[in-house]
Amino acid sequence: MMIPEATIIDYGIGNLLSVSRALEHCGAKVTITDNPEIILSSTRVVLPGVGAFGNGMKELENRGLDKVIKQYASSGKNLIGICLGMQLLFDSSEEFGATRGLSLIPGKVIQIPDKTLNGESLKIPHIGWNGLFGPNENSTQWNEKILATVLPGESAYFVHSFMANPINEEDVKAVCFYGGNKVTALVGKGNIVGCQFHPEKSGEVGIKILKQFLLN
Amino acid sequence: MRKIRLIGRLDIKGPNLIKGIHLEGLRVIGSPSEYSLRYYNEGIDELIYMDCVASLYGRNSLGEMVKNVAQNVFVPLTVGGGIRSVEDATHLLRCGADKVAINTAAVANPNLITEVAKKFGSQCMVLSIEAKQIAPGRWEAYTDNGREKTGLDVVEWVKKGVALGAGEILLTSVDQEGTQKGFDVDLIKAITSEISVPVIASGGMGKPEDLVSAVKVGEADAIAMAHILHYNKFSLQEIRKVAKRAGIDVREL
Chain S
1 MMIPEATIID
11 YGIGNLLSVS
21 RALEHCGAKV
31 TITDNPEIIL
41 SSTRVVLPGV
51 GAFGNGMKEL
61 ENRGLDKVIK
71 QYASSGKNLI
81 GICLGMQLLF
91 DSSEEFGATR
101 GLSLIPGKVI
111 QIPDKTLNGE
121 SLKIPHIGWN
131 GLFGPNENST
141 QWNEKILATV
151 LPGESAYFVH
161 SFMANPINEE
171 DVKAVCFYGG
181 NKVTALVGKG
191 NIVGCQFHPE
201 KSGEVGIKIL
211 KQFLLN
Chain H
1 MRKIRLIGRL
11 DIKGPNLIKG
21 IHLEGLRVIG
31 SPSEYSLRYY
41 NEGIDELIYM
51 DCVASLYGRN
61 SLGEMVKNVA
71 QNVFVPLTVG
81 GGIRSVEDAT
91 HLLRCGADKV
101 AINTAAVANP
111 NLITEVAKKF
121 GSQCMVLSIE
131 AKQIAPGRWE
141 AYTDNGREKT
151 GLDVVEWVKK
161 GVALGAGEIL
171 LTSVDQEGTQ
181 KGFDVDLIKA
191 ITSEISVPVI
201 ASGGMGKPED
211 LVSAVKVGEA
221 DAIAMAHILH
231 YNKFSLQEIR
241 KVAKRAGIDV
251 REL
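Those sequence lines, one after another, are chains S and H.
FYI, this note's numbering numbers position 21 of the first sequence as 21, with every residue one higher than the one before it.
FYI, this note's numbering numbers position 87 of the second sequence as 87, with every residue one higher than the one before it.
The set of hints was computed from the structure by calculation and includes no laboratory data.
Here the structure is a predicted model, which means the values were calculated and not measured.
Don't be surprised by glycine CBs; every beta carbon is placed ideally from N, CA and C.
Hints are supplied without guarantee of correctness; some may be wrong.
Short, incomplete list of chain H residues facing chain S, as computed with Cβ under 7 Å [what the hints assert, rightly or not]: (1) P15; (2) G25; (3) E42; (4) A117; (5) E219; (6) Y231.
Derived DSBU-like pairs: lysine-lysine, alpha-carbon spacing no greater than 35 Å straight-line [as the list claims (entries may be wrong)]: (7) S:K77 x H:K189; (8) H:K244 x H:K149; (9) S:K123 x H:K244; (10) S:K182 x H:K181; (11) H:K189 x H:K159; (12) H:K132 x S:K182; (13) S:K123 x H:K3; (14) S:K115 x S:K77.
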């Protein structure tokens, strides 16, 4: 059997080790790099990240990696963004004033509502385990193959204060509920996937998702 | 609402998992990585590692231990004990930790809280508190594993720590720790009613029912467990069941 390969983009932020360990656990050969040629010749690319949107984008631009990621994404090969890496796939974020993103998926990154549906105050950031559900109440099947082995309601681990708000509803593949508010958990558009939660910290549910990513 | 997190707390001395009473009289239990893997396989939500004699031993062993654990344990890891600088925190995060817990060095230099939060985000900066009751409704903060007084009022100190950037509080009751007599619910409530960041209740869990009052009355966001798990008193599954029966939302497995 062929050993699946995955390339993690190193742009100076984030805990790359955890993502790398989780992918290795799933049987992948992992490369961590900021080298454009290696990234462009990869078959699977992971854009990780934690921290602030503006800083993340700046670090990508400083290394010229914003253009590299866009070029890679246009090749049709698999790309997954995790947490901040997912948010960077969008047009812009309202975190610390408007900042431009990679514009690979149309939409904005906005603040998580800080009130429950009943008007009670909610703790921000949203930290902890939360169940993954289809975007519509009557959706019984995932419309995204990376979730193929996950059961609706299974939990993943989230740490974030902002969330993606895609323009096209069909780009939202999974949501979670925080204080009754719908929060985008996973997005997908063709060869591009983004997850707000950390699959590398989501126990066996996260491992199932990463294994599926390696199959694609 | 929010799911209450069930956290395994592993106190570490050198290469060993240990356990004491009131943070003292430490007894060797086994290998941290074996216990970590067991808790991971049973569905623990997070793990906390506290090096309880960090001032006496090199901390490299803790970094190496985290590296080891991070190979096959895929839940958030918090590491504390002897972290004195942003460099110490950076080292542990590079080894695979997701958060650092700081007590002694934060008391000595509160700006460290801000420095760590600025560099890695508040979610990464856990303020560790060792509280001893000194009067009804009053607790004093201790350092060095419950050995040194600080003169700081716990509630005031926590409020200051949150204002400086702490994103989570690991609240250990030295009085209850290791006793298996239940949590200091008044202490938990005194803190959760003053701040808005998550509070991990630690110290005293002897039976699954103990977490119910810590969550329902104390309003703890997470429960740290040591003895009850290390000595196989109850399984995580039993603990989860009790929580659910009491109407507490926990992760579905």
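- Pair hint K77 (chain S) and K189 (chain H), alpha-carbon separation not exceeding 35 Å: violated, 51 Å
- Assess, step by step, whether the Cα of K182 (chain S) is no farther than 35 Å from the Cα of K181 (chain H), and give holds or violated. Judged against 35 Å, a Cα distance of about 40 Å means the pair is violated.
- Would the stated hint for A117 (chain H) survive a check requiring a Cβ distance to chain S of less than 7 Å? Not OK, violated: A117 (chain H) not within 7 Å of chain S, min 11 Å.
- Task: Double-check P15 (chain H) for me: the hint is only fine if its C-beta lies closer than 7 Å to a C-beta in chain S.
- Result: violated, 21 Å
- Message: Can you confirm whether the C-alpha distance between K189 (chain H) and K159 (chain H) stays at or below 35 Å?
- Response: holds, 14 Å
- Are K132 (chain H) and K182 (chain S) close enough, with their CA atoms no more than 35 Å apart? Answer violated: K132 (chain H) to K182 (chain S) is near 41 Å, above 35 Å.
- Message: Given E219 (chain H) as an interface hint, is its Cβ closer than 7 Å to any Cβ of chain S?
- Response: Given a least distance of 11 Å, the restraint on E219 (chain H) is violated.
- Restraint check for K244 (chain H) with K149 (chain H), where alpha carbons must lie at most 35 Å apart: Roughly 38 Å separates the two Cα atoms, so the pair is violated.
- Item | Status of the E42 (chain H) interface restraint (C-beta, 7 Å, chain S) | violated, 11 Å
- Straight-line alpha-carbon gap K115 (chain S) to K77 (chain S), limit 35 Å: Distance ~39 Å between K115 (chain S) and K77 (chain S) Cα, so the pair is violated.
- Query: For the hint on Y231 (chain H), does the least C-beta distance to chain S fall short of 7 Å?
  - Reply: violated, 24 Å
- Distance restraint between K123 (chain S) and K3 (chain H), which requires alpha-carbon spacing of 35 Å or less: The hint holds at about 12 Å.
The structure does not agree with the numbered hints 1, 2, 3, 4, 5, 6, 7, 8, 10, 12 and 14 stated previously, though it agrees with the rest.
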